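**Student:** Chains as they are written, first to last, in the numbering used here: chain A, 1 to 293; chain L, 1 to 293; chain F, 1 to 269; chain B, 1 to 269.
Honestly, the hints are just simulated from the structure, not real lab data. Everything numeric in this text was worked out from a predicted model, so none of it was measured. You can take every hint at face value.
Derived lysine-lysine pairs resembling DSBU-like cross-links, with alpha carbons at most 30 Å apart:
no.: 1; chain 1: L; residue 1: K210; chain 2: A; residue 2: K201
no.: 2; chain 1: A; residue 1: K210; chain 2: L; residue 2: K201
no.: 3; chain 1: L; residue 1: K210; chain 2: A; residue 2: K210
no.: 4; chain 1: F; residue 1: K105; chain 2: B; residue 2: K105
no.: 5; chain 1: F; residue 1: K202; chain 2: F; residue 2: K163
no.: 6; chain 1: A; residue 1: K256; chain 2: F; residue 2: K136
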Amino acid sequence: MKSKLVSLEDAASLIPSGSSLTIGGSIIRRSPVALIRELLHQKKSGFTVLAYPAGFTTDLLAGAGAVDRVEAVYEGLFQFGFSYNFRRGVEEGRIDIRDFSEVAMASRFRAAAAGLPFAVTDALLGTGMAEHNPEQVREIADPFSGRKLHALPAAESDFTLLHGYTADEYGNVQFPVARDADDLDPVMAKAANRLIVTVEKIVPHSEILKTPNLTYIPHTWVEAIVEVPFGAHPLSCDGYYDEDELHMEDYQRRMKEGDFASYADLYIAKPQNHAEYLAAALTPERLLQLSVR
Amino acid sequence: MKSKLVSLEDAASLIPSGSSLTIGGSIIRRSPVALIRELLHQKKSGFTVLAYPAGFTTDLLAGAGAVDRVEAVYEGLFQFGFSYNFRRGVEEGRIDIRDFSEVAMASRFRAAAAGLPFAVTDALLGTGMAEHNPEQVREIADPFSGRKLHALPAAESDFTLLHGYTADEYGNVQFPVARDADDLDPVMAKAANRLIVTVEKIVPHSEILKTPNLTYIPHTWVEAIVEVPFGAHPLSCDGYYDEDELHMEDYQRRMKEGDFASYADLYIAKPQNHAEYLAAALTPERLLQLSVR
Amino acid sequence: MTSSSNYSLNELMVVAAARELRNGDLIFVGVGTAGRAFTMACGIPIAAARLAQETHAPDLAIYWNNLLSPDLQQIPERLTQHYLTTWPTAAQLHNCSDKNDMLSKGRFDVSFDSAPQIDRYGNLNITAIGDYRHPKRRLIGALAQTDHFAYVRRPLILTDLKKRTFVEKVDFITSVGYLDGGNSRAEAGLRPGGPSRVITDKAIFGFHDESREMELLTVHESSSIEEVVSEMGFLPRISDNVSVTVAPTEHEIRLIRDVIDPRKILLVS
Amino acid sequence: MTSSSNYSLNELMVVAAARELRNGDLIFVGVGTAGRAFTMACGIPIAAARLAQETHAPDLAIYWNNLLSPDLQQIPERLTQHYLTTWPTAAQLHNCSDKNDMLSKGRFDVSFDSAPQIDRYGNLNITAIGDYRHPKRRLIGALAQTDHFAYVRRPLILTDLKKRTFVEKVDFITSVGYLDGGNSRAEAGLRPGGPSRVITDKAIFGFHDESREMELLTVHESSSIEEVVSEMGFLPRISDNVSVTVAPTEHEIRLIRDVIDPRKILLVS
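Can you build the whole structure from these sequences, using the hints too?
**Tutor:** Take a look at the structure:
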């Protein structure tokens with residue numbers, strides 16, 4: 001096995017502006033936030049985002065004007081309310097949004113995971129999602145019964161970006177036995193063409209060998225692995241730390257007023273690396289408060 | 001939650017002759033052998049079997065002349081050689097066999113799990129499986145590219161029969177952290193219309209609550225749950241006991257000679273319950289030898 | 001069963017919802033955002049499920065946030081991630097694909113849905129107000145609400161009665177109710193189903209068996225047919241025998257206040 | 001690199017197979033039944049993969065029995081279930097769906113396949129001899145061998161050379177090689193691919209770039225072109241420069257005997 005360990009900066013450098021990105025996690029949990037911040041720090045833009053429920057990462061990209069198109073099932077920040085940047089982007093015609101239901105979007109990721117060109121579903125019959133997106137929602141007949149369904153294109157993207165728990169340097173990523181599985185990370189990993197995973201901690205390969213059933217992303221699917229402790233902050237990473245409610249509320253106050261600039265200055269432009277971000281966003285005391293290990 | 005705990009006899013009584021059965025496990029691992037023996041003890045027959053790799057259970061049914069049709073990816077007994085009863089059944093025209101590749105058959109179970117009428121695959125293009133089974137392998141075009149693929153009917157069956165590790169009385173079935181996952185049991189469980197699960201051990205519900213991530217079959221999918229220690233014997237149950245090589249070699253010696261009758265008499269007809277089967281097939285010393293706990 | 005004369009509208013909605021639940025039901029509870037939306041999407045449904053378990057439906061189970069059958073006797077004190085991760089539950093589905101399969105395979109009996117736009121035929125819009133491509137107000141998308149109306153046997157709509165919510169025709173169909181009424185749902189290829197009840201803060205509606213129009217069934221004690229109709233953007237059918245919504249019993253109210261939500265985690269606003 | 005003058009045919013096949021493997025390859029090893037079939041399906045492939053790791057391909061990994069990257073330095077002493085369950089490995093895929101997805105997504109570089117019937121165009125039959133519906137001999141089915149030839153980049157066929165194995169046309173196409181030759185594979189809708197080499201106990205074959213006929217490339221020291229052709233049910237193309245199969249080096253033989261398979265678990269018969 002080959003070491004795939006790289007720095008956060010080098011991982012972000014792999015991704016050119018204009019790429020399509022599948023972003024994992026869910027709304028305010030376990031998304032690769034540090035990696036998205038680094039993309040913005042490197043002034044990348046023009047992205048297409050594919051997500052299951054999109055959330056904070058998509059809103060950050062929208063705030064920076066770095067996303068042109070979103071395909072997802074939801075955009076919002078759960079208990080913290082609306083995704084203001086995304087919402088403005090759509091209302092002002094800057095973001096091309098393609099809506100899918102959960103069953104429909106998951107089936108698109110599963111088709112990509114299986115190397116199939118399209119998924120079949122009857123979830124979108126009669127909906128506005130089918131009516132307004134003839135490019136991606138096509139009728140298809142069951143050849144056995146003649147019944148009408150829809151074909152949807154597989155959710156293929158250039159890069160898939162996930163945040164995980166632990167991994168070895170080869171890219172074998174494991175979850176803890178107690179975890180929150182309310183996302184599609186394992187399916188997105190399987191569906192990835194180029195997969196970059198940030199994790200809380202790199203552990204020795206010998207640790208991975210002890211519990212191979214907990215490996216949900218095997219090394220052969222991974223192009224780059226990055227150690228980024230608190231890499232999902234201000235979101236939660238289940239089993240590691242809770243969402244940072246104070247940070248999120250501060251974020252929402254600024255975004256509601258359309259003030260992405262002040263936030264970006266503090267947390268994206270000024271910090272030259274992840275350690276500087278953590279110093280800007282957290283005190284040691286606060287970090288310990290959020291930790292649930 | 002409702003208790004779904006029943007006896008092996010009552011579980012088998014739910015299944016009428018002529019049913020289609022999805023049988024889990026793989027070849028010589030973790031199949032619901034005790035339940036299949038009980039079906040034969042009750043003189044049920046006329047079954048259609050859907051499996052991933054079929055193995056010992058299908059060969060038992062074939063030996064008793066109780067199976068009319070098999071849809072699977074393989075029929076054999078791994079290191080113990082051919083599936084003689086099944087083979088004779090096909091060669092003598094008594095068993096209608098429908099062959100599928102692993103990708104194709106798994107896609108059929110996944111379609112059934114998703115409540116879709118058919119699966120899409122390009123695995124069977126150009127094969128004899130497509131040529132000889134126009135009933136189940138139909139051409140379908142990708143509406144986006146026009147590319148030719150096949151549609152296969154979802155692997156729907158009347159009953160799904162699985163053997164597992166531990167469960168509570170409600171039917172929440174868990175695997176151990178160290179396990180062999182070389183099968184489709186979780187997908188078959190999801191795809192089930194009526195699901196009967198035998199397990200090595202019934203544990204208190206409070207045990208299940210401790211590690212909910214290990215529940216691979218939740219209670220809402222289950223109709224009946226049965227405690228059958230050594231319920232996969234003479235096959236292995238990973239983490240519990242190894243395959244019984246002596247028993248399997250004796251079985252194969254008899255089957256090679258076409259002598260199902262003597263085996264059935266000893267192990268199916270005479271034993272009036274699972275305890276009597278275990279007494280006929282194992283000594284306490286042998287049981288301890290096979291155990292790997 | 002003495003009916004209580006002292007109950008909140010939220011409590012009435014919990015009781016009305018609980019009465020729609022049957023023993024053995026598997027219930028899909030959605031994702032709520034903050035405040036009133038949380039109460040509608042999560043608080044009232046979870047309280048109703050628990051109330052039904054305590055009264056007539058002991059074997060009922062819920063799915064919430066990828067937890068299948070979380071122990072409703074141990075509702076966590078907060079709902080941040082860590083409390084969800086460690087909430088005692090029978091199963092943490094392995095990823096959302098399992099939940100989606102359960103939906104499209106038809107394993108759910110009831111779902112709770114709410115929306116900023118609902119029309120005469122029970123179609124919902126949670127996607128966009130105004131023109132979809134140039135919306136006046138972009139909403140949250142679709143989530144599984146589309147899938148609920150496609151696959152769940154008896155979806156329940158829970159929402160406050162407001163003129164801007166109850167509209168003649170939704171701007172965008174996120175969830176297909178009875179589409180254009182009559183047989184149009186089946187003609188569009190959808191499976192049998194569609195919303196069963198609309199439970200609001202003022203009244204409860206069903207859908208007429210043939211025309212599939214929304215139909216006023218009961219009005220809460222604190223309201224009137226006139227008030228109900230004045231809060232709607234379309235005139236619903238009025239059932240021939242509209243009655244007063246059955247009030248919660250004292251036993252139900254005691255269960256809600258003392259057993260189910262003593263810490264006011266569910267019925268927050 | 002001194003070539004060894006003392007090696008078994010199995011050892012020669014291991015070395016020939018290892019030379020087809022490249023650094024970084026992911027290799028699918030199939031299921032063997034007992035005896036010679038096990039040696040062909042599992043023993044030689046695993047030994048070849050390990051030999052390649054030890055020589056020129058340190059980053060190569062195998063998939064076997066749902067183990068992804070089992071540690072080939074710790075091959076278990078027996079292959080009963082318990083030894084497979086506890087074989088140290090980087091990943092135990094969560095169920096076979098993961099493996100199937102990896103196949104159809106094209107994540108495998110090499111597979112090892114063997115069959116009782118192989119034809120001129122590299123099509124395999126492991127399903128039935130004679131008429132499919134009334135077979136003279138029912139075989140084992142299909143397994144993933146169909147999928148290997150549909151999706152793996154460089155499938156390798158490993159089998160002993162026998163007249164009844166190498167037939168003009170297989171009775172049943174389990175795995176599509178080059179179908180009827182020329183462009184027929186692509187015309188049937190299959191992805192690019194097809195078997196790359198046929199490694200036997202007497203010779204090694206490739207497939208002609210245009211006609212896609214099986215083509216004799218090298219003959220083992222212990223055999224001859226005449227013997228090879230006499231063991232085949234069809235006349236293969238003979239390459240203009242057929243050479244002697246490169247013999248194992250002493251180093252390779254030492255590795256196989258002392259490091260890779262000292263307990264004779266892999267090369268059993």
